[in-house]
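S.K.: Protein sequence lines, in the order shown, are assigned to chains A and B.
Residues in the first sequence are numbered consecutively from -14, following this note's numbering.
Residues in the second sequence are numbered consecutively from 6, following this note's numbering.
No wet-lab data here; the hints were simulated from the structure.
There could be a bad hint or two in this list.
Some but not every residue of chain A turned toward chain B, in silico, with C-beta under 10 Å [claimed, not checked]:
| id | residue |
| --- | --- |
| 1 | L(-10) |
| 2 | A1 |
| 3 | N16 |
| 4 | V19 |
| 5 | H31 |
| 6 | M49 |
| 7 | L53 |
| 8 | T54 |
| 9 | G58 |
| 10 | V64 |
| 11 | I65 |
| 12 | N117 |
| 13 | F119 |
For each label pair, taking beta carbons as the anchor points, the in silico distance ranges come out as [stated by the list, open to error]:
| id | chain 1 | residue 1 | chain 2 | residue 2 | range |
| --- | --- | --- | --- | --- | --- |
| 14 | A | P45 | B | P38 | 42 to 48 Å |
| 15 | B | N37 | A | R(-3) | 34 to 40 Å |
| 16 | B | G60 | A | G123 | 45 to 51 Å |
| 17 | A | D55 | B | E88 | 42 to 48 Å |
| 18 | B | L23 | A | K10 | 35 to 41 Å |
| 19 | B | M61 | A | E120 | 46 to 52 Å |
Just so it is clear, the structure is predicted and the values come from calculations on it, not from any experiment.
Positions of the beta carbon are idealized from the N, C-alpha and C atoms, including for glycine.
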Amino acid sequence: MSNGLKIALGRRYRFAASHRLHSGKLSETENCRVYGKCNNPYGHGHNYTLEVHVSGKVDPATGMIVNLTDLDGFVERIVIEAFDHKSLNEEVEVFRERVPTTENLCIEVFERLKHFPLARLERVRVEETSNNAFEYAGEEI
Amino acid sequence: MTRKIEFSASHLYHNPALSAEENQRIFGKCNNPHGHGHNYTLEVTVAGEPDPVTGMVLDLKELKEILEREITQRMDHRFLNYEVPELKGQIPTCENIVRVIWNLLEPRITQGRLHKVRLYETGDLFAECYRNGATHA
């Protein structure tokens, strides 16, 4: 940006999903010890909030880094439709192998959104509850 | 340290260089010629070493006065397109307003340094301004 200033846009989205924290690499006892209630074999759910930060040049004609219609449409299609009202373990391919902690969910969301063609993805923040939040800004951080 | 203030203002998005149809296509509801309003929330973060005597980066009273003078008096209960000269010729999007706010505040913060400004237009939409290379926090 001009005079060394950077402008980023943040947008919040919501989805609800279920998961179970269980690692195939650990014994039943260890899983229970590590994940506690989250290891319940039937799973449980959260209302997740996703915060997406993008940056880029502010187009003087529109005053925008990106038109929200385009950002919303992309996030909706790539993330929300894939995760909302789904079982993360059963219905999102990557979590068949990987434990769907919110750390891993953050990474997966970032990997999906980093291909957004109209602005640079700065970072994502996923709030599992209002008390637990996780952020990921790509590998270089 | 981060201080939060709120102000309410109206605006509309319209670029006179574009046709009425293009304005409508790009800006949608925000192109309504009568304007519309938001309750904005502004978060201003000042960074620096706490003064060894006072334990403060910047006296909060001073920051409150700067925000009142520079932002609240200028923008609260105003029509941003017509009443804020710093926004003249710009579409008053969150991105543009946050840059104007940065430019108004930065020279006024003489103790510590302005680290980040975040402006919420709604709870789900905000823009941030910070110096390139500043550690994001």
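S.K.: Can you let me know if the beta-carbon spacing of D55(A) and E88(B) is within 42 to 48 Å?
M.R.: Distance hint for D55(A), E88(B) is violated at roughly 30 Å.
S.K.: Mind checking the CB of T54(A) against every CB in chain B and telling me if the closest is under 10 Å?
M.R.: holds, 7 Å
S.K.: Would you settle whether the hint for A1(A) is holds or violated, based on the nearest Cβ-Cβ distance to chain B being less than 10 Å?
M.R.: violated, 16 Å
S.K.: Tell me if N16(A) is really an interface residue toward chain B, meaning its C-beta lies closer than 10 Å to one of theirs.
M.R.: violated, 35 Å
S.K.: Does 45 to 51 Å hold as the CB distance between G60(B) and G123(A), or does it fail?
M.R.: violated, 37 Å
S.K.: For the hint on M49(A), does the least C-beta distance to chain B fall short of 10 Å?
M.R.: holds, 5 Å
S.K.: Hint validation: N117(A) versus chain B, beta carbon distance must be below 10 Å. Holds or violated?
M.R.: At 19 Å from the nearest chain B Cβ, N117(A) fails the 10 Å test, so the hint is violated.
S.K.: Taking the Cβ atom of P45(A) and the Cβ atom of P38(B), is their distance within the range 42 to 48 Å?
M.R.: At roughly 21 Å between Cβ atoms, P38(B) and P45(A) fall outside 42 to 48 Å, so the hint is violated.
S.K.: Quick check on F119(A) please, does its C-beta sit within 10 Å of some C-beta on chain B?
M.R.: Hint on F119(A): violated, closest Cβ of chain B at ~15 Å, above 10 Å.
S.K.: Falls inside 46 to 52 Å, the C-beta gap from M61(B) to E120(A)?
M.R.: violated, 28 Å
S.K.: Could you check if L(-10)(A) really has its C-beta closer than 10 Å to a C-beta on chain B?
M.R.: It holds, given that the least Cβ distance between L(-10)(A) and chain B is near 6 Å, below 10 Å.
S.K.: Holds or violated: is the Cβ of H31(A) closer than 10 Å to a Cβ in chain B?
M.R.: Since the shortest Cβ distance to chain B is 18 Å, the answer is violated.
Hints 2, 3, 4, 5, 9, 10, 11, 12, 13, 14, 15, 16, 17, 18 and 19, counting from the list given before, are not met by this structure.
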